[in-house]
Structure formats: C-alpha cells, structure tokens
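A.B. asks: Please build the complete structure, drawing on both the sequences and the hints.
Protein chains in written order, with the working numbering: chain A, 1 to 207; chain B, 1 to 322.
Just so you know, not all the hints are guaranteed correct.
[What the hints assert, rightly or not] Below, in silico cross-link-like pairs of lysine to any residue (SDA-like), each with a Cα-Cα straight-line distance of 20 Å or less:
hint, chain 1, residue 1, chain 2, residue 2
1, A, K79, B, V12
2, A, K79, B, L97
3, A, K141, A, L4
4, A, K109, A, K141
5, A, K79, B, V313
6, A, K141, A, T55
7, A, K79, B, Q187
8, A, K79, B, P229
9, A, K79, B, D110
10, A, K119, A, L86
11, A, K79, B, D66
12, A, K37, A, K79
13, A, K79, B, E115
14, A, K79, A, K109
15, A, K119, A, S143
16, A, K119, A, V84
17, A, K79, B, S186
18, A, K79, B, S116
19, A, K79, B, F119
20, A, K79, B, R21
[Claimed, not checked] Over 12 Å on every C-beta distance to chain B, these chain A residues come out as not near it, computed from the model:
hint, residue
21, R10
22, A12
23, G33
24, G44
25, A62
26, A99
27, D102
28, I137
29, K141
30, T150
31, L184
32, D199
Derived from the structure by calculation, the hints contain no laboratory data. Even for Gly, the Cβ is constructed at its ideal location relative to N, Cα and C.
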Amino acid sequence: MSALMVAVPRGALFDDTLDLLDRLGTDVSEVRGNDRKLLFAEPGIVTMRPSDVPTYVEHGSADIGITGKDVLLEQAQRKVYELVDLGYGVCRMVVAAPAGGDPVASALKRLGRVRIATKYPRVAARHFAETGRQVEIVEVKGSVELAPLTGLVDAIVDLTATGRTLEENDLVVLEEVGVCTARLIANPVAHKLKAAEIDRLVQRIRS
Amino acid sequence: MTHPIPPGTRDVLPDEMRELRALTDRMRAAFDRARYGEIHTPALEYEDVLRLGDERAAGAAYRLFDEHGAVLALRSDATIPIARVVASRYQDAEPPLRFCYFTHSYRAVDRGVGESREFLQGGLELIGDGGAEGEAEVVTVMVAALEEAGLRRHRLGVGDSALYRRLLHSFGVREDRHTAVMAALSQRDLVGLEFEVGRLGLPAAERDELLRVPEMRGGREVIDRAGGPVGEALDGLRRLHELLERRGVADRVIFDLGLVRALGYYTGVVFEVYDPAVGFTLGGGGRYDDLLGRFGRDLPACGIAVDVERVHVAQAAEEALR
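C.D. replies: This is the structure we're talking about:
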C-alpha cells in the first residue's frame, strides 16, 4: 500500500487513524512523534485538518483519506467516493440551546424563524429545511457554545462526543441531527487507476 | 483597473491559446484520419428543441428570450445538438455517420471553485452503429487522439449504465425503490449504498451481489470473474473486450461495473476518461440508442468527449515527466 498517498486528519480522529494504519502495517512512528511536519513521503501520509481531507482527495493530491461524516455532510458537493464506515470517532450532530424552556420553539412561534450558530451551515440549513422550519444561520469559526450565551442566536448545531462542553456551558440537547463516524474516502480516478491497492486496503480494514 | 468576468469563465491569452490550439489540432487530425467530419452547431438553441432530447434540456442552465419572445438556451453538451442535426439535415443519409467537434458548452457552477461555466469539449459521435463494433471504434479513436495530444498513461473506464437497474429488476425490486439506491451508486457512496440496499430486504446472496458490483473494476478478469446474473448481463462488454484486443487497445481499458453517468440519455455502455496526472475525469460518454429517435430519426449511436482544458493539464504533466 506504499503506492497510495493517504490524507490523515489531525485533531480528534488523529490517534485512532494512526492506530488503524499501524494495524494495517504502515510505519506511523514518525507521524506520531511529529507535530509540525505535514508530509511523510515514506509511509505516504499527509496530515491536515479534517475539513481539508475532502479537498486533497477530490483533487487527487491524496489517493485516499480519512475524515468525519460531519465533514462529508457539510461538503456534500465534493466528488469523492465514500468507501468504508470506519466506526470510530463516534459523535452526534445535535441542536442544543440554553437549559430551561425551548428557545427554538418560542422563536419560531413569535418571530417566525430561529437563529442558529454553527460551523456546519449547510447541514444546519438542510436539517431545518427538512423539518419545515425557517432558519437564519450564523456561521462562526470558534467555540459555537458561546453564541447562545451572549444572545447572538437562539440555539446551535454542533458536533458532540461526550456532551461535556455543552454541559459546562449550560446547554442541553434538543434534537439529534445524526450520528457521525470516521469514513474512508477515495479519489474517483485513483479508485480506478489504483484499484488493486485500494481494494487490498479496504479488505484488510474490513477483516 | 480590472473588470470582473463571471466565476467559472476565463480569458485565454496567447501563450495558452497557442498550446490549446496545437493540442486540438493534433486531436482533430486523429479524428479526421478516422473519417470523423468536424461539425459546428450554434451555442444557442431553442429550448423546446433541446428538451426533445432530454427533459431537463440536458441540464441547460442559461436561458434567454429572443426578439419574438421564444426561449433560447445555451447548449450544455454537444451530443443533443448533433442528434438534432442528424434528424434535420441527414434525413436520408445512409448510416453510419461520423462526426467530431470542438465546441464550448455551458453549465451551472454549483460551488464556484474549480468548475467551469464555459468549457471546451472535444469529442466524437458515431451514429447508426448499434453494436460493440461501434463502441470499440470510438474508444480506439479517442485513445489514439489523446496519445496524439501527448498523453501516455490515459485509460478509459467502461461500464454498462443499465446493468445495475437490470440487477435490481431481476431481484424483484420495484421501480419506485430504485431511486435512492441509484443515487448512492452514482456518487459511489458505498456506505450509503450498503444502507439503502440493506433496506430492500433481499436475501443475503442478492444483497451481497448488489454490494459487490461497484467494487468490480479492472481488466478482462473482472468480466471473467463475474458469475450469476451479473455475468450473464456482460455479453456486450465481453464482445467489446474482444474487439478492443483485436485493435490493440484492450490494455487501455478498465472495466468498471459500477460506472453510471449523470446524463439521462445513456442506454447501455458508458465511458469515462482518466489520466493519473489529473484527479478529475477528463471526460466521458456512452451509448445513447433512444436519443435520435426522439428527434425523428431512429438510429443507435455512441460517442465520447473530453474536456480539452483538462487534457491540457494532463499533457503538461506528462511533458514534465519526460
């Protein structure tokens, strides 16, 4: 599998992903011990933030990659193939709001729309559209939990693994949008031209 | 002072233009040698005429009114206009007819980055040949044209757009349940496909068959290894492989049983064009046996087109390797 260039997400999925590659026989020791280096030519690994993985894979700079389903949902327009649900990195995409009352329902009732802060504007917009509610999306880059506490928005759509951060900011989950796990994705051209290498990898992941 | 142009369009300046011109000249020479005559059709067509070919006017994204209030559309591909030309201008001509083209087509840009609103397609259409012979011919001519353009490692993906639906039918899956399955397949969302196929409630063997097909791609062995209902459905591809072997281009072809194309008018074999230097497909095509009939001249046909600018990127990469 040395012929494949793999895009590996730094952040929450990093350790599990390196463990997986380890099990598949890739030497990842150099990647593990190095925070700043980004490209590791020998094992064929590039590291990046999870939301960049679909970009590199779509353009073929990496043949395959690992990223969260949340990223894939938000970037649904990317032309990449989703090959395997890797099962780890389990998170819930939820609608959450300050505890006490239902600010979403009351905003909808009185103002006809709800204001939502999120790092996932497309996922949030789709969720509210599908449930027939008008929404105003406020895209933020940093800690989303802050937005409803300052009155910027009524509620948030965000990813939560343990619920700790929500809890500490007195936010409660109102609805679940979906469950997200890590996925193996492939570049469409590499999927044909490097079929044998990719299939071998997929088979070993599944077994 | 600078002035904007719409995203997805661009100006081509002399240095690039010279290279593009040289590239299309070489491809045109290859088409010409195979007796594909170059054809030009207007960028603007009557929208209702385009609609004859495809309900969505092949996805035409730009419409305008002429001075009489008729709706015009910018063509979104070259194949439907050529079908119109054959029906109108070649009513009695003895098939087969061979045409090639280098024309701009226009599509909407979903996301702004890396997509062209206006793109130059080079392609060929073989009209009136309904068999694997015709398919082998267009594949061979396109492989040669790309070679002439300076590519060395290009490959053609070959699949059958009707295969998966036929499988679903043979397993007794009702038509109204095909949509979600086909949507997952056409995006090669194999996790989503597993979910959708799982919901059909089929016996394990049939379910596994449906999940295996999108992974079946490679050389001749893909066809040989396919058994059961899939294997029986592959006679056309088997024959195509024989013909390609005889023409010496079989090693250029990757059979890909999960291949489906977005355009609605394909009826059988479909193609995609790849080069390892480019992460996107260079182009595609296939067999469209019903399209000409909709314009009033019922002839089978097939064709392939490539995005010339992407071929240029591949060619530049090949040059850098040398």
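A.B. asks: All hints are to be evaluated individually against the structure, with a verdict given for each.
C.D. replies: Here's how the hints hold up against the structure:
1. A/K79 with B/V12: violated, 27 Å
2. A/K79 with B/L97: Violated. A/K79 to B/L97 sits at ~35 Å, over the 20 Å cutoff.
3. A/K141 with A/L4: The given pair, whose Cα atoms are some 32 Å apart, is violated under the 20 Å limit.
4. A/K109 with A/K141: Distance ~29 Å between A/K109 and A/K141 Cα, so the pair is violated.
5. A/K79 with B/V313: holds, 19 Å
6. A/K141 with A/T55: holds, 19 Å
7. A/K79 with B/Q187: Distance ~8 Å between A/K79 and B/Q187 Cα, so the pair holds.
8. A/K79 with B/P229: Answer violated: A/K79 to B/P229 is near 30 Å, above 20 Å.
9. A/K79 with B/D110: Satisfied, since the Cα-Cα distance of roughly 12 Å is no more than 20 Å.
10. A/K119 with A/L86: violated, 23 Å
11. A/K79 with B/D66: Since the Cα atoms of A/K79 and B/D66 sit roughly 36 Å apart, the hinted pair is violated (cutoff 20 Å).
12. A/K37 with A/K79: violated, 28 Å
13. A/K79 with B/E115: Cα-Cα ~12 Å, so holds.
14. A/K79 with A/K109: With a Cα-Cα distance of about 39 Å, the restraint between A/K79 and A/K109 is violated, given a limit of 20 Å.
15. A/K119 with A/S143: holds, 9 Å
16. A/K119 with A/V84: violated, 25 Å
17. A/K79 with B/S186: holds, 11 Å
18. A/K79 with B/S116: Within the cut-off at roughly 15 Å; holds.
19. A/K79 with B/F119: Given pair A/K79, B/F119 holds - Cα atoms ~18 Å apart, limit 20 Å.
20. A/K79 with B/R21: Roughly 29 Å between the alpha carbons, so the hint for A/K79 and B/R21 is violated.
21. R10: About 22 Å separates A/R10 from the closest Cβ of chain B, which puts it past 12 Å; holds.
22. A12: It holds; A/A12 is separated from chain B by about 20 Å at its closest Cβ, greater than 12 Å.
23. G33: holds, 30 Å
24. G44: The claim stands: A/G44 keeps its Cβ more than 12 Å from every Cβ of chain B (closest is about 15 Å).
25. A62: violated, 9 Å
26. A99: With a cut-off of 12 Å, A/A99 remains clear of chain B, as the shortest Cβ separation is near 34 Å.
27. D102: holds, 31 Å
28. I137: holds, 17 Å
29. K141: holds, 19 Å
30. T150: The claim stands: A/T150 keeps its Cβ more than 12 Å from every Cβ of chain B (closest is about 32 Å).
31. L184: violated, 9 Å
32. D199: violated, 7 Å
Of the hints listed earlier, those the structure fails to meet are numbers 1, 2, 3, 4, 8, 10, 11, 12, 14, 16, 20, 25, 31, 32, in rising order.
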